[in-house]
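Build out the structure end to end from the sequences listed, making use of the hints.
So the sequences go chain by chain: A and B.
Its first residue numbered 12, the first sequence is counted upward by one per residue in our numbering.
Its first residue numbered 62, the second sequence is counted upward by one per residue in our numbering.
Certain hints may be false.
Listed next, the in silico DSS-like pairs over lysine-lysine satisfying Cα-Cα at most 25 angstroms (straight line) [to be verified]:
| id | chain 1 | residue 1 | chain 2 | residue 2 |
| --- | --- | --- | --- | --- |
| 1 | A | 150 | B | 110 |
| 2 | A | 250 | B | 170 |
| 3 | B | 136 | A | 264 |
| 4 | A | 264 | B | 117 |
| 5 | B | 185 | A | 250 |
| 6 | A | 250 | B | 176 |
| 7 | A | 250 | B | 182 |
Keep in mind the hints are simulated off the structure, nothing from the lab.
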Amino acid sequence: MSLKSKSISSKSSLNEDERLKKISPLRVLLNRPELGALGGSILVFIFFGIVAGDTGMFSAYGMLNFLDVSANLGIIAIAAAMLMIGGEFDLSIGSMIGFAGICIAIPAIYWGWPLWMSIVFAFAMAVLVGYFNGIMVVKTGLPSFIVTLAMLFILRGLTLAITRLITGRTQVPGLRVLIEDDPLAWLFATDTFKWFFTWLGSLKLIELRTDGTPLATGIPPSVIWFIALTLFATWILMKTRYGNWIFASGGDKVGATNVGVPVGRVKISLFIGTAVASTIFACIQVLDAGSADTMRGTLKELEAIAAAVVGGCLLTGGYGSAIGAAFGAIIFGTVSMGIFYTDVDTDWFKVFLGAMMLIAVVFNNYIRKKVTESK
Amino acid sequence: MSDYLVQFNNISKFFGKVIALKDVTMRLKKGEIMCLLGDNGAGKSTLIKTLAGVHKPDEGEIIFEDNKIVFDSPKDALDIGIGTVYQDLALVPLMSVTRNFFMGREPQKGIPFLKTFDVDKANKIAADRMGQIGIDVRDPSQAVGTMSGGERQCLAISRAIYFGAKVLVLDEPTSALGVHQASMVLKYIVKAASEGLAVILITHNVHHAYPVGNSFTVLNRGKSMGTFQKKDISREKLLSMMAGGEELDKLEVELQEMDRIHNKN
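If you want it as C-alpha cells, here you go:
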C-alpha cells in the first residue's frame with residue numbers, strides 16, 4: 012500500500028519537477044533571445060579592455076561617452092525591436108528623427124513658441140506619423156518595408172523643404188538659451204547624479220578639469236531614458252496582456268485574429284512607439300547640440316534594426332526581446348567609440364557592424380529552428 | 062424544450078449563382094459526437110464557417126438551447142458557446158504553451174492601468190488542463206513548436222473548452238496526423254463529449270470518424286445525404302456514400318466487364 016501510494020506521488024512530482032531538471036540551465040539560457048547580444052557585449056568589453064584598457068576608454072569620462080552613444084541608439088533600437096516582434100519594420104525612424112528635430116526648433120526659434128510647447132508639438136506629430144504608418148500597413152496589407160520606405164523619403168524631404176522655406180538654411184541653431192527654466196526641456200537635457208561625480212572628483216577618484224570640477228559631470232539624459240525604456244519595454248513584453256498580443260501579432264497574424272487579438276490596433280500602436288522613440292532621440296540630441304539639423308538621424312533606422320537583430324529579434328516577427336536590443340545597441344556603441352580609442356581607422360566600424368549582423372542572423376536562424384523543432 | 066442542445070435547420074448558403082449548401086440539417090444533443098463526412102468540395106468548409114459565424118446562412122435557422130440565434134460575427138458564436146478549432150489551430154509555434162493557451166484572453170491581476178498578465182496563474186491552468194488530457198507539459202513556458210501535431214491539436218481543443226465551448230466544431234483534427242497521434246486526439250474528443258459537450262467532427266476519414274461518432278451526416282455537393290445513427294449504417298456504406306457511391310459502383314461494373322473481356326481473349 013505504502014509502496015503504491017509512493018509510486019503515485021512520485022509520478023505526479025515527476026510531471027512537475029523531475030523532467031524539468033533534464034533541461035540544463037544552459038539550454039534554458041540558449042533559448043533566450045538576448046543570449047547572443049549579452050555574450051557579444053561581454054566579448055566586446057573584454058576585447059577593448061585588453062587593447063584599449065590604458066587609453067582612457069574605461070575612465071569615468073570615457074565610459075559615459077560610449078554609454079551615451081549606446082543609449083541614444085538603444086532608445087530607437089528598443090522601439091524598433093518591439094515593432095519587429097510585432098511583425099513589422101519601420102524604415103522611417105531616421106527621417107522621423109530629423110523631422111522631430113525641426114518640429115522642435117522652428118516653432119521655438121521662428122514662431123516664438125515656448126520650448127515645452129514645441130516639444131509637445133513634436134511628440135504630437137510623431138503620434139500622427141506613427142499612426143499614419145500603422146494604418147497604411149494594416150489597412151492596405153502592404154509590406155511595412157515599402158510603406159515606411161516611402162515615409163523615409165517623404166519625411167526627409169519635408170524636413171529639408173520646410174526648413175529651407177522658413178529659415179533659408181538647413182540648420183536651426185540657438186536652442187541652448189531656451190533650455191534654462193523650461194518646464195519640460197530638462198527631461199531631455201539634464202545630467203543626473205552630479206553630486207556623485209562631484210564627490211568622486213573631490214576624492215580624486217576620477218579625472219578633473221583644471222578648475223577642479225570633474226571631467227565627467229553626470230549621467231547623461233540619454234542613459235536614463237535608455238534604462239527606463241529598456242525596463243518599460245521588457246515589462247510590457249513579459250508581464251502584460253498587451254505584450255502577449257505583440258508576440259501573437261508577429262507570430263501568426265491570422266491565428267491571433269481568430270482568437271480575438273486586435274492585431275491591427277497592436278501594430279498601429281507599435282508604429283506610434285517607434286515614431287515617439289525617434290522623437291525622444293531627437294529631443295535629447297537637439298537640446299544637447301542646441302541646434303536642429305535636417306540631416307540628423309540619417310541611416311539611424313538601419314542601425315536600430317541591426318541592433319534589434321543582434322539582440323535576437325527575428326526578421327519574420329514573433330520572437331525577440333527588448334533587453335537583447337539594448338545589448339545590441341551597447342555592442343554597437345562600445346565598438347564605435349572603442350575603435351576611436353584604439354588606433355584602428357574608424358572606417359572599419361561599418362565592416363564590423365555588417366559582420367556582426369550577419370553572424371547574429373545566422374545564429375538567430377539556428378535558434379529559431381531549435382525552438383520550433385518538433386519532437 | 063427539445064432534447065437538442067443545438068440545431069441547424071435547413072441551412073443554405075449561396076455565393077452568387079453557386080449553391081454552396083442546400084438544406085443541410087444537423088441536430089446535436091449534449092454528449093453527442095456527430096461526424097460530418099464529405100469529400101473535397103462537398104461544402105464542409107462553408108458549413109464550418111456558417112457554424113462559426115463567419116458566414117450568415119441565406120436560408121434556415123440556428124437554434125441553440127431552444128433560442129433562435131443569428132450570428133453577426135465569429136465572436137457571437139464564441140460567446141454563446143460554439144467553439145471552432147480550425148485546421149490551422151491558431152497557435153503560434155514560437156510562443157510558449159501558456160502564452161498560446163491564453164492568447165487574446167490573458168488573465169490579469171493588479172490595479173487598473175497597471176494590470177499585469179498573471180503568468181503564474183496562467184502557467185498553472187495551462188499545465189493543469191494539459192495534464193488532464195494526459196499531455197505532460199514539462200514546462201508550460203516551452204514553445205508550442207516543440208510539441209507534436211497531436212499535442213498541438215489537443216491544446217487547441219482544450220483551449221476552446223476552457224473558454225466556455227459547449228459545442229465544439231473541429232475541422233479535420235486528425236488529417237495531418239499519424240495513427241498514434243490521431244488516436245490520442247480522438248480519445249480526447251470522446252472524453253470531451255462524455256463530459257457533456259456536443260462535438261461536430263469534420264473529416265473525410267471514415268476510419269477515424271466511425272469508432273468515435275454517434276451519428277454521421279454525409280455531405281455531397283452541398284447537400285446533406287442524411288444523418289445516420291451508428292447502429293443504422295456500416296463503415297463500408299458510409300465510405301461508399303461519401304465517395305459518391307453510385308459512381309464507384311458503376312466503375313466497378315465497368316472494370317469487371319473489362320476483366321471479363323480480357324479473360325475471354
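Structure-based check of all given hints:
Straight-line distance between C-alpha atoms of residue 150 (chain A) and residue 110 (chain B) comes to about 24 angstroms, which keeps the hinted pair within the 25 angstroms bound. Of the pairs offered as hints, the one joining residue 250 (chain A) and residue 170 (chain B) holds, with about 10 angstroms between alpha carbons and a cut-off of 25 angstroms not exceeded. Our distance criterion of 25 angstroms between C-alpha atoms is met by residue 136 (chain B) and residue 264 (chain A), whose separation comes to about 17 angstroms. Restraint check for residue 264 (chain A) and residue 117 (chain B): satisfied, since their Cα atoms lie roughly 24 angstroms apart, inside the 25 angstroms limit.
With a C-alpha separation of about 16 angstroms, the suggested pair residue 185 (chain B) and residue 250 (chain A) falls inside the 25 angstroms cut-off, and the hint holds. Restraint check: the Cα-Cα separation between residue 250 (chain A) and residue 176 (chain B) comes to about 9 angstroms, which is no more than 25 angstroms; the hinted pair holds. A hinted pair counts as satisfied when its Cα atoms are at most 25 angstroms apart, and residue 250 (chain A) with residue 182 (chain B) qualifies at roughly 12 angstroms.
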